[in-house]
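**Q** Residue numbers (my numbering): 1 to 126.
Hints listed in this document are in silico derivations from the structure and should not be mistaken for laboratory results. Note that the structure is predicted; figures quoted are calculated from it, not measured. Among the clues, some could well be false.
[Unchecked claim] Below, simulated DSS-like cross-link-like pairs (lysine-lysine); rule was C-alpha separation at most 27 Å, straight line:
#1 K2 with K121
#2 K23 with K2
#3 K2 with K62
#4 K2 with K110
#5 K34 with K6
#6 K23 with K62
#7 K32 with K112
#8 K32 with K6
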Amino acid sequence: MKITIKSGPLSWRATIFATPTGKLIEQSLPLKGKASRWGQEIYFAVPVAADLETDALELVAKGDLGYWPGGRAFCIFFGPTPISGGNEIRPAGAVNVFGRIEGDLSDLNKVKDGDEVTVEKSWPNL
Numbered sequence: 001m002k003i004t005i006k007s008g009p010l011s012w013r014a015t016i017f018a019t020p021t022g023k024l025i026e027q028s029l030p031l032k033g034k035a036s037r038w039g040q041e042i043y044f045a046v047p048v049a050a051d052l053e054t055d056a057l058e059l060v061a062k063g064d065l066g067y068w069p070g071g072r073a074f075c076i077f078f079g080p081t082p083i084s085g086g087n088e089i090r091p092a093g094a095v096n097v098f099g100r101i102e103g104d105l106s107d108l109n110k111v112k113d114g115d116e117v118t119v120e121k122s123w124p125n126l
């Protein structure tokens with residue numbers, strides 16, 4: 001499923017994968033939250049309860065969308081976090097990667113703590 005992530009005048013297109021967590025996120029759309037920043041990660045709480053999947057990751061890739069069960073959080077990864085070594089992208093704990101942002105990620109750095117973030121279905125969604 002294609003989605004749009006927005007914060008103020010900024011927006012990004014992304015794809016949600018057909019994973020158990022991806023399906024839960026999809027069923028919860030639209031989502032809205034207040035951004036928290038942790039290095040080059042944006043996260044916010046969502047009304048989704050999912051356990052860690054068997055393929056949960058402790059290292060993610062730039063552009064990955066993840067769900068962190070420890071904080072019931074929707075996470076957007078676009079660079080190193082405070083616990084990353086070198087250029088790796090290390091979440092605070094293992095996450096279920098359920099999607100990926102497409103295209104340029106540079107504007108993600110403009111999202112600040114407390115900014116509103118919305119996630120909604122993109123149209124058309126075939």
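**Q** Hints first: check each against the structure and report whether it holds.
**A** Hints versus structure:
no. : hint          : result
1   : K2 with K121  : 6 Å, holds
2   : K23 with K2   : 12 Å, holds
3   : K2 with K62   : 18 Å, holds
4   : K2 with K110  : 23 Å, holds
5   : K34 with K6   : 12 Å, holds
6   : K23 with K62  : 22 Å, holds
7   : K32 with K112 : 15 Å, holds
8   : K32 with K6   : 9 Å, holds
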